[in-house]
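Chains as they are written, first to last, in my numbering: chain A, 1 to 364; chain B, 1 to 364; chain C, 1 to 327; chain D, 1 to 327.
Simulated from the structure, these hints should not be mistaken for laboratory data. Just so you know, even glycine gets a beta-carbon here, dropped at the ideal spot from N, CA and C. There's no promise every hint is true.
As the list claims (entries may be wrong) - Between beta-carbon pairs, the in silico distance windows are:
#1 A285/A with P50/C: 44 to 50 Å
#2 E258/B with E192/A: 43 to 49 Å
#3 E229/C with D244/D: 35 to 41 Å
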Amino acid sequence: MAEEKTSNLSALSHPSAKALLRQMLLIRRFEEKSAELYTVGKIHGFLHLYIGEEAVAVGAMQVLTADDEIVSTYREHGHAIARGIPPAGVMAEMFGKANGCSRGRGGSMHLFDIGRRFYGGNAIVGGGLPVAVGLALANKLQGRKRVTACFFGDGAVDEGEFHESLNLAALWKLPVLFVCENNLYSMGTGLERHQSQTDIQAKARAYAMSGEAVDGMDVLAVEAAVRRAVEDIRAGSGPFLLEARTYRYRAHSMYDPELYRDKAEVERWKRRCPIENFAAKLRQAGGLAEADWKELETSVAAQISEAVAAAEAGPWEPVEDLLKDVYTPATGSARGAAPCGDGPADAHDESVALEPRPSPLVKP
Amino acid sequence: MAEEKTSNLSALSHPSAKALLRQMLLIRRFEEKSAELYTVGKIHGFLHLYIGEEAVAVGAMQVLTADDEIVSTYREHGHAIARGIPPAGVMAEMFGKANGCSRGRGGSMHLFDIGRRFYGGNAIVGGGLPVAVGLALANKLQGRKRVTACFFGDGAVDEGEFHESLNLAALWKLPVLFVCENNLYSMGTGLERHQSQTDIQAKARAYAMSGEAVDGMDVLAVEAAVRRAVEDIRAGSGPFLLEARTYRYRAHSMYDPELYRDKAEVERWKRRCPIENFAAKLRQAGGLAEADWKELETSVAAQISEAVAAAEAGPWEPVEDLLKDVYTPATGSARGAAPCGDGPADAHDESVALEPRPSPLVKP
Amino acid sequence: MTTMTYREAVRSALREALRNDERVFLMGEDVGRYGGAFACSRGLVEEFGPERIRDTPLSESAFVGAGIGAAIGGMRPIVEVMTVNFSLLALDQIVNNAATLRHMSGGQVSIPIILRMATGAGRQLAAQHSHSFEAWYAHVPGLTVLAPATSQDARGMLLAALDEPDPVIIFEHAMLYPQEGEVDEQAPPADIRRAAVRRAGGDLSLITYGGSLGKTLLAALELAKLGIESDVVDLRVLRPLDTDTILESVSKTHRAAIVDEGWRTGSLAAEVSAQLMERAFYELDAPVARVCSAEVPIPYAKHLEDAALPQIATIVRAGRELCAKNE
Amino acid sequence: MTTMTYREAVRSALREALRNDERVFLMGEDVGRYGGAFACSRGLVEEFGPERIRDTPLSESAFVGAGIGAAIGGMRPIVEVMTVNFSLLALDQIVNNAATLRHMSGGQVSIPIILRMATGAGRQLAAQHSHSFEAWYAHVPGLTVLAPATSQDARGMLLAALDEPDPVIIFEHAMLYPQEGEVDEQAPPADIRRAAVRRAGGDLSLITYGGSLGKTLLAALELAKLGIESDVVDLRVLRPLDTDTILESVSKTHRAAIVDEGWRTGSLAAEVSAQLMERAFYELDAPVARVCSAEVPIPYAKHLEDAALPQIATIVRAGRELCAKNE
Ligand SMILES: Cc1ncc(C[n+]2csc(CCOP(=O)(O)OP(=O)(O)O)c2C)c(N)n1
Ligand SMILES: Cc1ncc(C[n+]2csc(CCOP(=O)(O)OP(=O)(O)O)c2C)c(N)n1
Ligand SMILES: [Mg+2]
Ligand SMILES: [Mg+2]
C-alpha cells in the first residue's frame, strides 16, 4: 500500500486557512440541515451526504481556477458548494424548485452550474469519467489550458468506465485530474471485498499514468497534492490519478441501515474529523480564537438559513413546461452558435471570468 | 517492458514434439484452405485467420486437460482445432452446414463444442471474459478442479470487460487463465496507439494478480509458461494473466486492405514463423527427417481434404427449423436436470472423460 | 395465506430456492452484508453465507456475464442488477451472450440464469434512476421476461423462473416493494405463461403490468362509478406475450387501453396495440389507446414527475374517451 | 449530379464537414489508418491528420462518453461506433448522458454529438453481428434518430445533423454501403424532419426505412405487376416519426404494411402500427400488417439468414393479403 502524502505545512501558514475552515463548515452544516429537511419531507429522492469527506472537495477546489472544469457524482453537495455554487441554488434544487441550480429537474444527485463549469452530479457510478475525458479532449483540441477534475468513489474504480477512461486520457495525454474519493466503502461493500488490489493509486501504473495517495482528512495535504498534480498536468505531462483516503460518517443514503460496518470504526474515523482537527490546529497555533469560531458558526448558519428561505420561497416550474429542455429550441443554424459552456454564464447571478481565479468561496 | 519468457528446452527433448508440429501445421493448412474456400464463395461472413499465431493455441492446449474449459474469440480456428474439435466440424460450420460444430448457426466466429468444453468463439471483443469468470466460479462453487482458459487479443484489453473480469477473478481467487494474444494490432490500430501502457502483463498488478509475458512464436515456451501458470492456478493461487507476444501474418479479416502496417514489419515477423522455426530446430537436432516432414504434410493435407469433403457433403439445416434452439425444449422440471456441459457429450462422436486427459490431437 | 410485502415475498422465494437447491446462489451489488438495495435479501447472508449470497464489485457487465458462465457451468444463479438503469451496462452480456449463445452454438448450451432488477419511477430519483426498459428486454428472442405485480406473483414467479432452462429477466417495480398482499407459501410455482384478469367488466379492457397495475385497478374503480366496467388484464409475462388472454378480453369488451410506464414511443404498449391491430381489428369499436409516460427524461420535482407518468386520472380519462367513441 | 456509392456519399459529407468547421472531428475504432471498418473514412486521416481523424481504443463506453464531453466542451464530434452491435456497450452513455444531461441540468447544456453506426443483417455475420436496434434508440427522448436509405440522404442527412444542437444517431445499413445512387453535392443539407414518399400508388402504403427500402421498392414493382399500386414511404427520420406523411399516405390508400428488419415483437413497426391505430383507425380498410424479422438470433447459414429477414417475397405476400381483405 502506497504511503499517503500528509501535509507538512502548518495550518497557520496558509494564506486563507480560515476560509478553508469556513468552507468545510458550510458544507457540513448545509448537509446536516439537508438531512433534517429530508426527514420532514422537504427534500426527496436520494440524498447522499458528504459529511466526513469535506477536506477533499475544499482542498481540491483551492487549486482549480474558474477556468477549470469539474465533473462529479451523486455525492456532490461538497464539490458544488466548494466550487462556489450558491447554497441557495443547491437547496432550492433539492426542494425541486425552479430557482434550483438545475431548475428542479435534477435534485440532489444532479447539481449543475455550467457558468461555473460544474458539469454535474452523475448518478450512474462511473458515468462521469468518460465525459470528463471528453471535456479535456475539447480543451486540448482547442488549445485551452484548462484542467478537468473528475471526482468519483472507490466503487467507481470497479467499473469498466474507469479503465477505459484512464487509458484514453493517458493515451492522448489529456489534462484530466482523476480524484478518487476512497471512503473505503462502495455502498455497503468494503474495499477489500470489492477490489483485489486495494491500493487504488497503484492502478495508475496500468495506464503508465502518475498516481498518488493523500490523506483525505487533511485539507492542506489535499490542497498540496492537488497543486502538485495540477502543475504536472498543466505542464503537459498528461492525466493524474489522485487517491484521497477519506471516510463517510453518515449512512450511504437516507435508506441505509448501516449493517455492514462497526460503530467503533466510524468512531475511530470521527476522531480524524477534517473540520475539528483543522480547527484544533488553527487554535493551537493561535490562529482561531473562540470568537472567530463563533463568528464562523453564526455566519454559516445565517447563510444556510438564507438558502433554506430562498428554497422555500422559490417558485415551482409550471407543469405545462414538463417537456421543456428535452431538445434545444431551434435558433437557426447551430453551426455558428457559441460552444456550450463558453457562452455568457446564464445560469446564475455571478458572471464567470475566463481568467483563472480562485474558487469564489475563498475570501482570503 | 517485461522480459518475455523463452524456452530453454531443446525441441527434441519434448515427448511429443512432432505432435506439436503436426497440430500447428494442421491449423496453418486448414486456414490456408479456408481462405481459398472463402474466395470461391464456400465460406462467407467474417473469416479471421490465426496464421502466425499457431504456437499459442497449440502450446497452451498441451497443458489443458479435457476437464478444463476454453473460452475464445472470433479468431478461434486454432484454439478449436488444437482443442480437438474435428476439422470437419469446423469446416462444415463455416460452410453453414448442419454437421457443423454449431449446426451452421454460428459460422467461423462461433465454433462451439460443449462436449470438449469449448465454450465458443465470441464476436464481441471482450465478451468472453465475464463468461470465463463465471465458468470458473461454477467450478469453484462445485469444488471442481478445472481451470478455465480464456483467450483474447490485445484490443480486448482496452474494453471495460477486461478490467471488471480480472478484478472479479482475482477478488474471488478463481481458477482462470487469462491468455492475451498480443499480436500488436487491434484490427488496424497498433498497440502503442490503443494502449497507454503497452506492457500488457504488467496490468495484472492492478488486480494483485500474477502476470507474465511469453514468446508467443515459440510453442515450447508457451507450453512451459502455461504449465507454470496452470500449476499455480491449480494450487489455488487464483487467476493468472499470460501475455503471449505474437503476430498475425494475414489481414485482420478478409476485408482488410492492410493500410496500417509495413510489409517489412510483416516480413520480419515471418522470419519468426512458429512452424518453420520449430521444424528447423527439430531438423537440426535430428528429430525431423525430410520424409517425416513430407508425411506430416501429406497426412495433414489428407485430413483437410476429408474435412472439406465432409463439409461439402453435409446437409443444410431445414429452413422449417429456423426457430429451433432459441429456447430449450420443455422436458419437465429443469431443476433436476443435469448441469449443462456435464451431461453426456452430445455434440460429437467422441465422449469426454471427466478425468484429466491430454488434448486429443496430441498423439505422443 | 400470509400477508406479506412484495419485498418479503421475494425474500421468501429466495430463501426457499436457496434451501431447496444447492446450485442456487444470489449475486449482485450489496446483496449480502448491506441486505440488498431494496432489502430483499436482508438476513440471507447470515443464513446462507457469503459464498451463496455473494456481494459483487460495481461491475455490471462482468458479474452478469459471470452469472451466465456460472449457469453454463451447472449453477442456478440469481443475479440482482439492483435496477434496470444499471442493466444498460450489462446489456451486451444479456443480449449477445445470455440470449444468444444457445442458438449460436446450435443448441449446445442452456443458460438457466435469473436476472432480477427493480424498475420504474415514482420516487423522485430523477432521470437516470427512473427508467422503464421492459419493452427493450421483451424485444429479445431467447429471453423470458416477467413482471410480477403482486406479492403472490413476486414469490411464485421467481420460483417458477427457477424451473426455466433459459434466461429469465424479472422486473420488480420499485414502488411495489413495500406493498402488502396475501401470499400462499404452500402454492406451487406460478404459471409463467399466462396473463391474469385481475378484475372483470364488460365495457373496456385495461391492459397493464407491474407497477401500473395498482393505478389501473383504482382507475377501474373510478370508471365503475361512472358506469364503465373494465376488465383489468395484468400481462405478468412480457415475453412471450399471452396474446390469447388479451384477445379474449378485447373480444368481449371491444375497447382497450394499455397502461405502461415506458415512454410512449416504442413502448411495450405499442406492441400490444400492434397485436390488437393484427388480431382483433374487426372486434374493435374504437382505436386502442395508450396511457404511457411523457417523452421526457423523468424530472426530479414531484409535480413534474407525477405529470410525466401514467396516473389514475389519465387512465380514467382514456377510459371515458374510449367509451364515448362510436357509441 | 454525381453517381456515388453510399459509402462515398458518407465520405463526401465527412470531408465537407471537416473542411467547413474546425470544431468537427471524427473519432472511432479504426477510422484513421485502417480507413474505417466500412471504408467510409478512407483517405481522411491523410487529409485531416490524426487529431481530427482519431483512432480510438476498443472502449465504446469511454469514447462515446468522450464524444459527449467534447460536444459539451464546444466541439462537433462525429463518433463512429462501427456497428449498432457494439453500441450496446455505450448505451449507458447515450441514454443517461447524451440524451439526459440537457434536461437534468435544467437546459444548461446542449450536446451536439453525432453518432454514426452501421446496422442490420444480410452478410452472414451471425447473431452477435446482425442486430437492428433502431427501435431502441427511437424510444429515447432527447435523441434524434436518422436512417438514410439513399446516397443522397447519406450525405445530406449527415450534413443536416451537424446543424442540430442535440445528439443525433445515424443508422447506416451495412448492405447499403456499396450501393450506388445519384448525389447532388451542391444540394443544401437534407430535411431531417420529414419522411419521403419514394413511389406513389393508390392501393397500399408500404412503410419502411434504411436497408429495407430497396427490397420494398422491388416488392412494389412485383405488386404492380399484380395490379396493386403501392405508396412506398421511406421514414428517414425514426425519431421523431413524421406521422403526418404516414397518415397522408394511409388516408389515401386505406391499407398499410410496415417493413422493418427489427425483430417483430417490440419493433419500430409496432410503433408505426400503434400510431396508425390511434390516428388512422377510421381510415383503415384492413388491419395494418408488419413484415419484420423472425424471432431468432440471426443465424449464419445463408438460407436461414434469408428466412429470418424480410424479403421481397414476404413483402409481396403481405401486400397481396392486405389487398385481398375486405374488398
Ligand atoms: C452503475 C451503477 N451501479 C450501481 C449504482 C448504485 N449505487 C449508487 S452509489 C453506489 C456505491 C458507489 O460507491 P463509491 O463509488 O465508492 O462512492 P461513494 O458512494 O462511496 O461516494 C452504488 C452501488 C449506481 N448508481 N450506478
Ligand atoms: C465490442 C467490439 N468492438 C469492436 C469490434 C470490431 N472488431 C472486431 S475484431 C477487432 C479488433 C480486436 O483486436 P484484438 O482484441 O487485438 O484481437 P485480434 O483481432 O488482433 O486477434 C475489432 C475492433 C467488435 N467485434 N466488438
Ligand atoms: Mg466509496
Ligand atoms: Mg490483436
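Status of each hint after checking the structure:
no.: 1; hint: A285/A with P50/C: 44 to 50 Å; verdict: holds, 48 Å
no.: 2; hint: E258/B with E192/A: 43 to 49 Å; verdict: holds, 47 Å
no.: 3; hint: E229/C with D244/D: 35 to 41 Å; verdict: holds, 37 Å
Violated hints: none; the structure is consistent with every hint.
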